[in-house]
Amino acid sequence: EQRIMIRSRGKEVSTPFVTPPLLNYPATLINYITLPPFSEKVVEAKVQPNNMTDVLFEPNPRLKNKALFTANALLNIENRTIKISIINATNRQQTLSEGTKLGIVTQVSSTIGVTMSSNYVTERIPEGKACKELIPEGKGANKSNKLNFNNMPTTKLHGKQYQCRECYQYFKTGNELFKHLRNKCYPEEIRQQINKLTEHISDDKQREQILKILWKYGKLFDIRRPSKIDIVLKNAIDTGTHRPVHTPPYRKSNKDQEILRKETEKLLKNGIIEHSTSPWSSPVVLVKKKDGTTRFCVDYRRLNQITTKDAFPLPRIDDIYDQLTKAAYFTKFDFKAGYFQVPLDKSDRPKTAFSTRDGHFQFKVLPQGLTNGPPTFQRIVNQILGPNRWKHVLAYIDDIIIYSQNFNEHLKHIEEVCSLLQEANFKLNVEKCEVARPEILFLGHVIKAGTIK
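Under the numbering used here, the residue at position 52 of the sequence shown is numbered 52, and the numbers go up by one with no gaps.
These aren't lab readings, by the way, just hints derived from the structure by calculation. All residues carry an ideal CB built from backbone N, CA and C; glycine is no exception. Among the hints, erroneous ones may be present.
Stated by the list, open to error - Taking CB as the label site, the calculated pair distances span:
no., residue 1, residue 2, range
1, E208, H242, 54 to 60 angstroms
2, E176, T325, 40 to 46 angstroms
3, A449, P61, 37 to 43 angstroms
4, P387, S253, 50 to 56 angstroms
5, Q257, N24, 46 to 52 angstroms
6, E176, H246, 31 to 37 angstroms
7, T356, E98, 22 to 28 angstroms
Claimed, not checked - DMTMM-like cross-link-like pairs, simulated, lysine to aspartate or glutamate; straight-line CA separation at most 20 angstroms:
no., residue 1, residue 2
8, K234, D319
9, K432, E189
10, K453, D319
11, K255, D358
12, K391, E409
13, K332, E431
14, K309, D222
15, K64, D319
16, K101, E40
17, K212, D230
18, K288, E58
19, K269, D319
20, K346, D334
Working from the sequences, and respecting the hints, build out all of it.
Spelled out as structure tokens, the structure:
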């Protein structure tokens, strides 16, 4: 506990040092607006404080329920007003009345542009103690409703064919290997989370069928060490012949400097960033979250202004909903820090550079906050899912949904998608995944056979 000593009349008095509370302020719409179908509009919102310049804007989640999308962004306040871009992703006209709460703003010490999700940056586990590949992978999905162990690469030793690559123990059958993984070699936390995904399934046989698929592709959920997919981005940050932009670092307190040092050390250790000699530089700041923790952030606004925009389309929301209404079973996958799993081409890395008092660094992966981040990620996921898209799986940036008309079909579709994602070396956030649900929340709407609410 930090305390302040005050001397008065020869006596010392100790009092706790209290950090002032983090204040959030609503951002409300100034004028009544009409949003045509599939349109984007920049609107003005009012904020109360008059002593803030740069703020972090966070959208009102209720807007997403109406398929109205805004982004987390760093915004400038001028005359107690901010400008926000809103997308109407539906096929109908929508209106918002004066005074509608669009979101909240939080003051930042300097600026913010991107959120660096530190919950993906974990400590490395010593070699030999962490599972590198728990189950041999088979390319190509299973063509039946039963799991196929024959497409797994095996090593024969005294008649035993299936080897756990965690402890190198051999097993006669794939089922024995699965039991071993479920009871021993996966960390307890991962075992519990995978089992939790199927707790809602009352039919024991169906639950076991789903679990076998999840265990077979359990590598998708093993996030003990960061990983990168096998696709390298090309020209993700096209700035043409523009000269490098350079913004000097902002002044920070010693406490914030220490936080920055620890964050950059984690990012370096996990291969997210590297040392740089780039002439480009964007400022780094720290923003306090509601829970008292800190976000490590980079402001890419100047870089975004000179970047050629990627016109790759995001799927239409109404087309997605049309597909989903025909299904009876749904599975939703969420990527674990998806952007950080996408390697950047070496020619683009210098443009992501930032500085701290400890050095100059650049990203080796796709950072959040880049103007071309969403279309770039959408293109990659579309490429991985291939011809399965619009048949039984869809993706909206980093949200994937698998849909089927019956349970047996759903088993097959889940395994096909898991096979594709694991082959690409993607990792999933098991805490945000849902499997084999008759009803599911996707893009702000509750979807159930034949209905969308």
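Each hint, compared with the structure:
1. E208 x H242: 54 to 60 angstroms: This hint holds: roughly 58 angstroms between Cβ atoms.
2. E176 x T325: 40 to 46 angstroms: holds, 42 angstroms
3. A449 x P61: 37 to 43 angstroms: violated, 25 angstroms
4. P387 x S253: 50 to 56 angstroms: Cβ of P387 to Cβ of S253: about 54 angstroms, so the range 50 to 56 angstroms holds.
5. Q257 x N24: 46 to 52 angstroms: violated, 25 angstroms
6. E176 x H246: 31 to 37 angstroms: 59 angstroms Cβ-Cβ, so the 31 to 37 angstroms window is violated.
7. T356 x E98: 22 to 28 angstroms: Since T356 and E98 have Cβ atoms about 43 angstroms apart, the given range 22 to 28 angstroms is violated.
8. K234 x D319: violated, 29 angstroms
9. K432 x E189: holds, 15 angstroms
10. K453 x D319: holds, 15 angstroms
11. K255 x D358: holds, 14 angstroms
12. K391 x E409: holds, 12 angstroms
13. K332 x E431: holds, 11 angstroms
14. K309 x D222: violated, 34 angstroms
15. K64 x D319: With Cα atoms ~17 angstroms apart, K64 and D319 stay inside 20 angstroms; holds.
16. K101 x E40: holds, 18 angstroms
17. K212 x D230: At roughly 26 angstroms apart (the allowed maximum being 20 angstroms), D230 and K212 break the hint.
18. K288 x E58: holds, 13 angstroms
19. K269 x D319: Status violated; Cα separation ~42 angstroms.
20. K346 x D334: Since the Cα atoms of K346 and D334 sit roughly 27 angstroms apart, the hinted pair is violated (cutoff 20 angstroms).
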